[in-house]
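Taken in order, these protein sequences are the chains called G and B.
Our numbering numbers the first residue of the first sequence as 1 and each following residue consecutively.
Our numbering numbers the first residue of the second sequence as 1001 and each following residue consecutively.
Treat the hints with care, since some could be wrong.
DSSO-like, lysine-lysine: derived pairs with alpha carbons at most 30 Å apart [what the hints assert, rightly or not]:
(1) B:K1069 with G:K42
(2) G:K89 with B:K1142
(3) G:K11 with B:K1143
(4) B:K1095 with G:K54
(5) B:K1069 with G:K11
(6) G:K42 with G:K54
(7) B:K1069 with B:K1143
(8) G:K48 with B:K1142
None of these hints come from the bench; they were simulated from the model.
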Amino acid sequence: MLYSHNLEDEKINLFILFLTKAIQGDQSYAPIVNDVILETHKYVAGEKNLYNIKRDSMNIILLLAGLEADYFKNIADNPEQYDNKIYSKVLNLLALQKSHMAY
Amino acid sequence: MQSKLLELHFSQLQFEWSKAKYNNYSDLRKKDYHTKLATIISAIEKENFQILNDTEITQRFHVIDFLFKSLEFLNNSTTSTIPFEIVYVLSEALKDWSSTDDYIIVTSLINNINGFSFDNSLMFNDFIYSDIELLYDVKFEKKLVQINLPLSLSRDYLANVVLYHELGHFIDRKFEITRVIYIEILNSVASGKLNTNEQAEILEYFPYLSDDKMFSWLKDNYNPFNLFSNHIAEYFCDLFASQYIKNCSNHYLEYITLNQKNYSITHPSTTNRVNFVEMFLKRTPSFLVEHFENITYKITGVNVENKLAEVDSKNFESLIPVEIQDGKELHGLFIYGWKVWLDPWDNIKKQSNIGFDLSQVKVYEILNNLIEKSIGNFIVKTEWKLAKSS
């Protein structure tokens, strides 16, 4: 095999790409990003659990929850309030995590 | 530099598409999927790669990868290449877990005699579908479930019982069942509330959890490819398959793994896998099996239980197909097929009044033809009823 193809990484890469697009002002990507951030908030706030959080982004939700639960707990539950400051924070968390990942 | 490499990547796809665009499919849903691929390729052809920034180039990289992966499976799922009958039966099983008809089972026939596997590259990454919709205004209502099987065994209905296990991998990833079992087992152990029998059972199936360092590492370092994740997924898929084909895949598994006594990083020992399925089938009280069943039900709303109807027949011994009554009997057909293969072949000779001995390869050919014909007849009958009622 020429290189290792990791689907988990690929998914995180695409999410990072969506965050980047949202930060650059492309609002069409904001709903996808907001959805994951809101779901993470609901999970750490106890409004949702392992059995009913959204399956398609579950790994990113659990990753974010594990990285900084308190931050997501205190975040607004209205996605309209999510802005570049929040996107940048999430982007930094994931970028830092990716640099430490060793599959 | 990056844009030139994107040009190379897209040229490779265009070359592949120059042949694949003529694919014919018997399934209208695949035709529709194929048309969407054509729309995306046509849109990318109109783009000027020279003016794309790094983010945009990365997006195209992922889209072209998606298109390639789709073609890899669609090319082996055309009217002339797809193992239609086995795919039909797996689709029937899929309906138990996904009633919305959102998925199309496609196959890739590979040149490896043990090459049974589930490829989760397309269904797993939902974000790529969102990106394609935003970039090219193309929405995929149906997604591909990609199953690899050996080219030389594509019409072997005895060996292909293991495809139920591969379908289990799709269900597992769709609902992220392994991930929850992973967390719940580690939490149960850490709670200190398990009784001696429950603890012993966990250590029998996951022996490395007795190592405190390993336990802590697994708790802090989840990834879907570590041995604990892999082992849970394999046990789940064995359990999933046994709902439809009981212990039939164990016959094949025990043989091809030489009844492996030790676990590897990717798979538990075969003896443990066989025992796990036997506990489920015989309803032996088991903390782990109940844990798997409960978690699966809580996530999916579907019970892990017998989903087949046994076929009570002597037709195969008389060399005639079985008239299948419903989807549950389709699954039972494989159990009947395996029974005929494992029973003395004199039964066939006596029942069919043939005056000569049958070689093993003849029995193999006959049995596979009879299973295929039984499924085929059921499909025709079902389609006919549907056509009459509409």
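Hint by hint, here is what the structure shows:
Restraint check for B:K1069 and G:K42: not satisfied, since their Cα atoms lie roughly 35 Å apart, outside the 30 Å limit. Our distance criterion of 30 Å between C-alpha atoms is broken by G:K89 and B:K1142, whose separation comes to about 34 Å. At most 30 Å may separate the alpha-carbon atoms for a hinted pair to count; G:K11 and B:K1143 meet this at roughly 17 Å. Distance hint between B:K1095 and G:K54 is fulfilled; the C-alpha atoms sit about 21 Å from each other, no more than 30 Å.
Note on B:K1069 and G:K11: the hinted pairing holds, with a Cα-Cα distance of about 16 Å set against a maximum of 30 Å. In summary, the hint linking G:K42 to G:K54 is supported, as the alpha carbons are separated by about 11 Å, within the 30 Å threshold. Taking the CA atoms of B:K1069 and B:K1143, the gap is about 12 Å. The hint holds against a cut of 30 Å. A threshold of 30 Å between alpha carbons decides the hint, and for G:K48 with B:K1142 the separation of about 28 Å falls inside it, so the pair holds.
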